[in-house]
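Residue numbers (our numbering), protein chains in the order written: chain A, 4 to 85; chain B, 4 to 372; chain C, 24 to 428.
These are computed hints drawn from the structure, not numbers from a lab.
Since we're looking at a predicted model, the values are computed, not measured.
Heads up, a few of these hints could be off.
[Stated by the list, open to error] So the derived label-pair ranges between C-beta atoms look like this:
| no. | chain 1 | residue 1 | chain 2 | residue 2 | range |
| --- | --- | --- | --- | --- | --- |
| 1 | A | 40 | C | 277 | 34 to 44 angstroms |
| 2 | B | 96 | C | 154 | 52 to 62 angstroms |
| 3 | B | 98 | A | 7 | 54 to 64 angstroms |
| 4 | C | 180 | A | 15 | 20 to 30 angstroms |
| 5 | C | 114 | B | 205 | 38 to 48 angstroms |
| 6 | C | 86 | B | 290 | 38 to 48 angstroms |
Every residue gets a Cβ at the ideal spot worked out from N, C-alpha and C, and that includes glycine.
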Amino acid sequence: MADMLTVRVNGVVMCVPPGFTVLAALDRAGTRTCRTSVTGEPRGALCGMGICQECRVTIDGRSHERSCMTLCQDGMEIVTGD
Amino acid sequence: MADADVIVVGAGIIGAACAYFLTQAGARVVIVDPTAPGTVCTAACMGHLVVMDDSEAQFALTAYSCRLWTDLAARLPRPAEYEPRGTLWVASTREEMAIAEAKSAFYRARGVEAHVVTQGEMAALEPALDSSLPGGLWVPGDSVLYATNAARWLLDQSGTTVLREEVVAMGGGRATLDDGRDLEASVIVNAAGAAAPALTTGLPIEPRKGHLAITDRYPGVLTRQTLELGYLASAHGQATESVAFNIQPRATGQMLIGSSREFVGFAPGVNRAIVGKMLERAQRFVPCARDWHVIRIWTGFRPCTPDNLPLIGPAPGDATVWIAAGHEGLGITTSLATGRLLADRWAARDSAIDPVPFAVDRVAAGAHG
Amino acid sequence: MIEADVAVVGGGPAGIAAATVAAESGARVVLLDEGATLGGQIWRRDVLAAPKGSAAAWLDRLAASGAEVLSGWSVFDAEPRRLVGFRGIVRFHQVVIATGARERFLPFPGWTLPGVTGLGGLQAMVKSGCDVSDRRIVVGGSGPLAIAVAASLAERGAHVALVAEQASWVQIRPFLFAILREPRKFMQGLDYALALHPGVVRFGTWVVGAEGRDRVEAVRVTDGRRTWRERCDLLAVGYGLVPQTELAALLGCRVEEAVWVDREQRTTASGVFAAGEPTGIGGVECALIEGQIAGLAAVGREVDHLETERFRGLRFKDVLKTAFELRNELRHVPRPETIVCRCEDVRLVDLEPFVDRRTAKLVTRCGMGPCQGRVCGDSLEFLKKWGPNEVRPPLMPTSVGDLAR
Chain A
4 MADMLTVRVN GVVMCVPPGF TVLAALDRAG TRTCRTSVTG EPRGALCGMG
54 ICQECRVTID GRSHERSCMT LCQDGMEIVT GD
Chain B
4 MADADVIVVG AGIIGAACAY FLTQAGARVV IVDPTAPGTV CTAACMGHLV
54 VMDDSEAQFA LTAYSCRLWT DLAARLPRPA EYEPRGTLWV ASTREEMAIA
104 EAKSAFYRAR GVEAHVVTQG EMAALEPALD SSLPGGLWVP GDSVLYATNA
154 ARWLLDQSGT TVLREEVVAM GGGRATLDDG RDLEASVIVN AAGAAAPALT
204 TGLPIEPRKG HLAITDRYPG VLTRQTLELG YLASAHGQAT ESVAFNIQPR
254 ATGQMLIGSS REFVGFAPGV NRAIVGKMLE RAQRFVPCAR DWHVIRIWTG
304 FRPCTPDNLP LIGPAPGDAT VWIAAGHEGL GITTSLATGR LLADRWAARD
354 SAIDPVPFAV DRVAAGAHG
Chain C
24 MIEADVAVVG GGPAGIAAAT VAAESGARVV LLDEGATLGG QIWRRDVLAA
74 PKGSAAAWLD RLAASGAEVL SGWSVFDAEP RRLVGFRGIV RFHQVVIATG
124 ARERFLPFPG WTLPGVTGLG GLQAMVKSGC DVSDRRIVVG GSGPLAIAVA
174 ASLAERGAHV ALVAEQASWV QIRPFLFAIL REPRKFMQGL DYALALHPGV
224 VRFGTWVVGA EGRDRVEAVR VTDGRRTWRE RCDLLAVGYG LVPQTELAAL
274 LGCRVEEAVW VDREQRTTAS GVFAAGEPTG IGGVECALIE GQIAGLAAVG
324 REVDHLETER FRGLRFKDVL KTAFELRNEL RHVPRPETIV CRCEDVRLVD
374 LEPFVDRRTA KLVTRCGMGP CQGRVCGDSL EFLKKWGPNE VRPPLMPTSV
424 GDLAR
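I would like the entire structure built from these sequences, with the hints used as guidance.
What follows is the structure in structure tokens.
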């Protein structure tokens with residue numbers, strides 16, 4: 004397998020193989036909640052294909068990025084709970 | 004027996020405000036519109052309640068109407084999203100600071116709080132603005148609201164009967180429905196917005212298309228309605244096509260981005276080129292806007308008159324037809340004053356402001372249904 | 024600006040087939056795909072495994088065809104002869120719309136809990152790296168996807184506790200007969216069945232609620248007579264597929280649930296073809312045939328030799344539609360306080376005063392959020408028989424920077 008990538012999920016460093024989505028990184032980190040809904044509910048990924056927008060997280064400071072459609076890149080900073 | 008004292012044609016915010024004040028004045032009102040209340044032009048508006056200074060008449064109408072909104076504010080329901088955000092007018096060039104000064108003097112002379120702000124002061128007020136912008140004018144008294152739900156609340160409060168029917172003609176104390184039935188009343192109010200000329204011939208109202216874009220939620224990035232001083236040139240000029248920077252932070256944390264103006268008839272499609280220019284301008288004033296996700300873009304048609312003032316009062320040639328239309332981009336702001344002026348006329352009482360500058364016969368000679 | 028004789032939108036089976044055959048006949052072809060890797064949903068690349076079977080064969084053929092593939096290329100706007108995407112503009116003479124399908128979700132109490140996913144949704148997540156080994160999973164909903172997904176989850180080490188198919192045994196019989204006539208589909212079905220423990224699949228059974236604090240912990244299911252609880256770590260539910268027709272609608276094609284096409288996969292808009300799920304849900308084989316027809320027709324080639332297979336596909340589409348028709352009881356599963364619009368947290372009860380989608384949206388915010396009403400729109404089409412959403416650009420959330428370009 005190619006070199007692993009290092010990303011940070013809510014400040015915690017972890018390694019994932021190339022090709023993993025940000026959502027997969029969250030899953031491996033045990034984080035099922037991606038965002039907080041407008042009435043304060045925890046929400047996680049639903050459709051897995053970029054439609055439902057439930058898996059939005061903050062990636063490298065950009066909010067509302069779809070974790071299911073974004074591939075992990077080395078050094079990526081991922082923050083959930085937006 | 005007549006079907007009502009007054010039939011209001013059009014259930015947008017203008018019609019709703021007319022119904023609200025006319026029922027308060029004791030009239031029995033029926034409102035007729037084939038579409039659900041507040042879902043056409045009203046739903047396409049920004050909902051900026053703003054005191055304007057293009058002319059004395061415009062100032063009088065907007066300032067009076069903003070006072071009426073302020074009086075209602077505490078009673079407006081949450082879904083009306085009323086928020087006293089104020090207006091920050093931004094100069095794009097050093098030269099425009101002179102406009103800010105003049106505007107400030109105008110407002111202050113008429114009792115409206117306004118402060119010229121320097122480059123540094125503006126950066127402190129709204130850090131998201133490009134820090135190289137020279138400054139602007141801060142008018143704290145203005146507000147914003149969500150017009151669809153405000154209009155529906157006005158209608159609910161008035162207890163008016165809403166008929167989901169289409170009026171095809173009006174005049175002589177009658178409104179004729181598309182199935183041929185007539186409704187009778189002593190007054191028919193034409194509050195059909197950009198569609199008003201189809202019901203009352205001779206009204207000089209042109210549809211002026213606008214686009215708005217709304218983003219995902221970015222709470223706190225901007226806190227005031229922020230627009231460029233050049234907006235006035237865009238709004239009050241009669242250019243075929245113009246855009247101006249205008250962003251409204253919504254109660255939801257979303258950013259509502261405007262504005263564009265085009266004379267292209269009733270063509271509802273999104274014009275990508277003009278949206279591009281509009282958003283390019285937004286980015287120029289607020290650099291971080293580049294990364295905001297736009298989730299929806301829509302269009303609407305402002306009812307535009309030649310002198311940028313609405314038509315409020317009887318139609319020339321038919322005293323049973325009253326006009327409440329032609330509010331261009333200020334319909335939400337001036338809806339309450341419009342309704343109030345017509346209610347005063349109904350009750351034969353004096354108005355708080357002079358209604359003459361808005362008289363229909365100033366621009367529409369011999370108009371009737 | 025990219026110029027193409029034929030632009031193909033969507034990198035699933037239909038798009039791959041269309042781009043391949045069009046390029047093989049010498050046309051300049053561009054295939055635009057939203058995903059990071061080709062395959063669409065059904066052939067989505069598994070990060071931990073190489074493509075196999077017909078997917079691999081078609082990907083090889085595509086690579087040799089000379090078609091230019093642009094991955095990560097979302098189309099957010101279109102006009103005649105022009106597609107506008109995050110990465111620029113593509114000018115084309117002919118376009119093939121192969122935008123696939125999405126899952127239909129129906130609300131039930133607790134469906135907003137993290138850990139409740141779509142069926143295809145969970146499969147996509149697994150293929151992109153999510154781990155389901157040793158998880159206890161309940162699969163629910165309807166359609167051939169349910170069993171396929173359950174089988175692939177089991178293969179990945181998940182414990183599939185239950186597959187609740189809402190359609191009854193009797194209702195899906197025509198589907199089983201259709202499968203029997205197609206050796207490939209039959210063998211595939213057999214594989215799926217063998218991957219699951221006996222008795223795991225229950226027909227005429229549907230999900231009525233999910234429970235849990237911050238994530239799903241259990242699900243309640245019913246067969247109409249008895250309601251019971253199953254503990255689970257994940258709950259994957261999807262009620263069939265919905266054709267993605269938004270791009271076609273924007274290009275002016277006639278759309279009635281699906282994009283209308285003729286025998287050459289031509290839509291009612293000039294120079295616009297559509298293939299695969301946007302023209303009606305039919306699965307991979309159907310998509311491959313329709314994709315080839317669209318690709319050939321787009322470059323002016325004869326398609327008669329594919330006519331028989333196309334008809335077979337159309338018949339299969341009809342079978343699918345009736346075999347997995349959603350039962351009326353599902354309309355009564357959401358409670359008044361159940362959230363329907365997940366973007367804006369609008370509850371079913373909030374929609375009660377309204378008879379049409381547009382007014383409901385403008386007053387309650389239902390469908391006003393970033394999914395642009397896709398999720399609740401599909402639910403409400405079933406729950407309240409409300410008409411389709413208006414389609415306007417941008418077709419998906421698009422940055423100010425991209426729109427300003």
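How the hints compare with the structure:
1. A:40 x C:277: 34 to 44 angstroms: 37 angstroms, holds
2. B:96 x C:154: 52 to 62 angstroms: For residue 154 of chain C against residue 96 of chain B, whose Cβ atoms are near 57 angstroms apart, the range 52 to 62 angstroms holds.
3. B:98 x A:7: 54 to 64 angstroms: Because 57 angstroms falls inside the window, the suggested range holds.
4. C:180 x A:15: 20 to 30 angstroms: This hint holds: roughly 25 angstroms between Cβ atoms.
5. C:114 x B:205: 38 to 48 angstroms: 46 angstroms, holds
6. C:86 x B:290: 38 to 48 angstroms: Holds, since residue 86 of chain C and residue 290 of chain B (Cβ atoms, about 41 angstroms apart) stay within the stated range.
In summary, the structure agrees with every hint in the numbered list given earlier.
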